[in-house]
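Each chain, written out:
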Amino acid sequence: MMKTVRRIITLTLVVASVGGCANLGVKPWERDLLAKESMALSHAVDSALDDHIYFSKEASSGGKSFGGGGCGCN
Amino acid sequence: MLKKYYVICLVALSLLSRNVNANTPNDKLEALLAQHKGRVIYLDFWASWCGPCRKSMPWMNEMVTKYKDNGLVVLSVNVDTQSSLAADFLIDNPIKFPVIYDSAASIAEKFQLKAMPSSYVFGRDGTLKITHVGFLSQQTSRYEAQLVALLGQK
Amino acid sequence: MQLISPKKPKSIKAALGLATLALLGTDAVAKSVTQQPSTQKSPAQKKLLDLSAWKLDAAVLFYSEADRVSAVEAVINGKREFADDHFLNLKLTVDTLTGASANGAVAQPNVQTFTRPSGKGSFETPIGETPLDDTFQDTRVQLNGQWTQPISDNMTLSSGGHLSKEYDYLSLGINSNLAYDFNQKNTTASVGFSYFNDTFTPEGDIPTPLTRIPAAGIDKQSLGTSDTKSTVDVLFGLTQIINRRMITQFNYSYSVIDGYLNDPFKGVSIVNSLGLTRDFIYESRPDKRTKQSIFAQTKYHFDGSIIDLSYRYMWDDWKIKSHTVDSKWRIELNDGYYIEPHARYYTQTASDFYRPFLNQSNDVPAFVSADYRIGEMDTYTVGAKVGMKLSNGNELAFRLEYYHQTPKNSGFEQVGALADLQLYAPIKAFVFQVNYSF
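Residue numbers (our numbering), protein chains in the order written: chain H, 769 to 842; chain W, 5 to 158; chain B, 894 to 1331.
If a hint is listed, it holds; no wrong ones were tucked in.
Below 25 Å or equal to it, Euclidean Cα-Cα: the simulated PhoX-like pairs (lysine-lysine) are:
hint	chain 1	residue 1	chain 2	residue 2
1	H	K832	B	K1122
2	H	K804	B	K1278
3	H	K825	B	K1122
4	B	K1282	B	K984
5	H	K832	B	K1212
6	B	K972	W	K59
7	B	K948	H	K832
8	B	K1278	H	K825
9	H	K832	B	K1221
10	H	K771	B	K1212
11	B	K1301	H	K825
12	B	K948	W	K59
13	B	K1181	H	K832
14	B	K1301	B	K1321
None of these hints come from the bench; they were simulated from the model.
One chain only, chain H, in its complex shape:
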């Protein structure tokens, strides 16, 4: 239990220190590389196929998400 609490606190601190850094990041016109499909956080089709294999063969699943990154347009 305490181990869990400690882990969540560590994660929150890491996240807060990253989120709190308003100077991290790029200008809107510097997103050329990030806009590429190959820089997306997950693949449209491969991620789901892999997840299906590992879900069937192991005890863990999911935990990954989809938002953010990209060209940041509009």
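Position chains W and B against the provided structure of chain H, taking the given hints into account.
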């Protein structure tokens, strides 16, 4: 002795660079803005990797065709770090207005763009009248109405 | 949101489009599909069936374990933008599984006979081998639909549904995700929620846990013909752009699964002090499982390659803990080719009710399962993907991977005859996949 040499070098360098920088992207923009004084200027910032930019090109072409005789001028600034990508983009998306290549993004920096694409509309008096952040194809009639209103002003 | 490159209609899409339209008899739209699009879209071209406006990704995957399960999975994913930044994503997946799967029984120094899960007929396991039931054969169809749109300047909402059906299993699900962009879209905070309701109607009915698995032809003790389980998932995510080349993501997820969590086809052997099986009973798992995980990922774009590294730590109230480290390195080659080597390492601890077998001298616990998938194991995957851009602008890719699973003894003494037997045989599988994007 070394310090003097250093200062001379610095002065020489700055004089040299002033000559080299005589035709910066910003200089080109200033020249175009001066050239079209008295007209309504639509200044658009775009990049080959920007999806909404692709959608905005046909609309800007349409505006040029429709209103250039009424005094509308469309100018664009490309912020691709590699101009060859911009050239490829223009093959698939031909345009009817000039492009200033600003690969170091000096003009973009000066205008402090909030997102891509961004456009700035200057009235006939040369002042900045409207700023568009992003391009929404659902809003083109509103964008056009704004231009018509500005074209009607002195 | 990644930039979706526009597609001019390719002959395959036009052909697909015409085929679909022929079925539906819509002439007006058929005309627009065969024409080259002008940059201005006509009203007909905005119709759903205009395939040139869809970005399609198709893949076929072949999975094969030495001597065990084989599967073929085919998927087609379509993404289309309607109004500005309003997207519809539709996906159809079909997969079929065949081969032999462990039924939970322990290997023995003699031939064993087991009843098939359906209750009709039986199968034999040779001396010293892990008992595998080879009647496993199933085809599954899955449909996913997802709608994503901005709901304000910096907020995006994505919602969708899932339906999956196989002979004895139905799964229905909904999901919703809200993302908030700030710091000039350098930071994105998101919260997602999903709910799944599954119904299991196994052939041979739901067995009463911990009761004896009877010989073929004899009725099992049963709780009924079907049962359900529900899964609620909550996910918190934070994506941060570090610089022009680097993006990172941190996620925390919490899920609760409630209902029928047993595998009705698996049992647990009860052995005596000589290691010989005296009984074989249906497994019993708790009716609830609470899982949590933290996930971190980073992608870095070098000049000619991209590296993708991720780590996930999972823990649950079944006392399973796992670590997953995944890495991919996409190297751009000439002429639009790329090669992407991949390596993944996974390790998990056993659940607190996992037993490879039970000792006759001990009481049967309330919860017990011999399913090696909730036992202790290490796995690794190594492989590579090779992709290319074709002259028509479409993409073709091939992926080959080797997956090796090493189940481990988490501290159970192999009594009597079991000491001479391999109870934790590794599982080796190959994965081959073909992708086509158009």
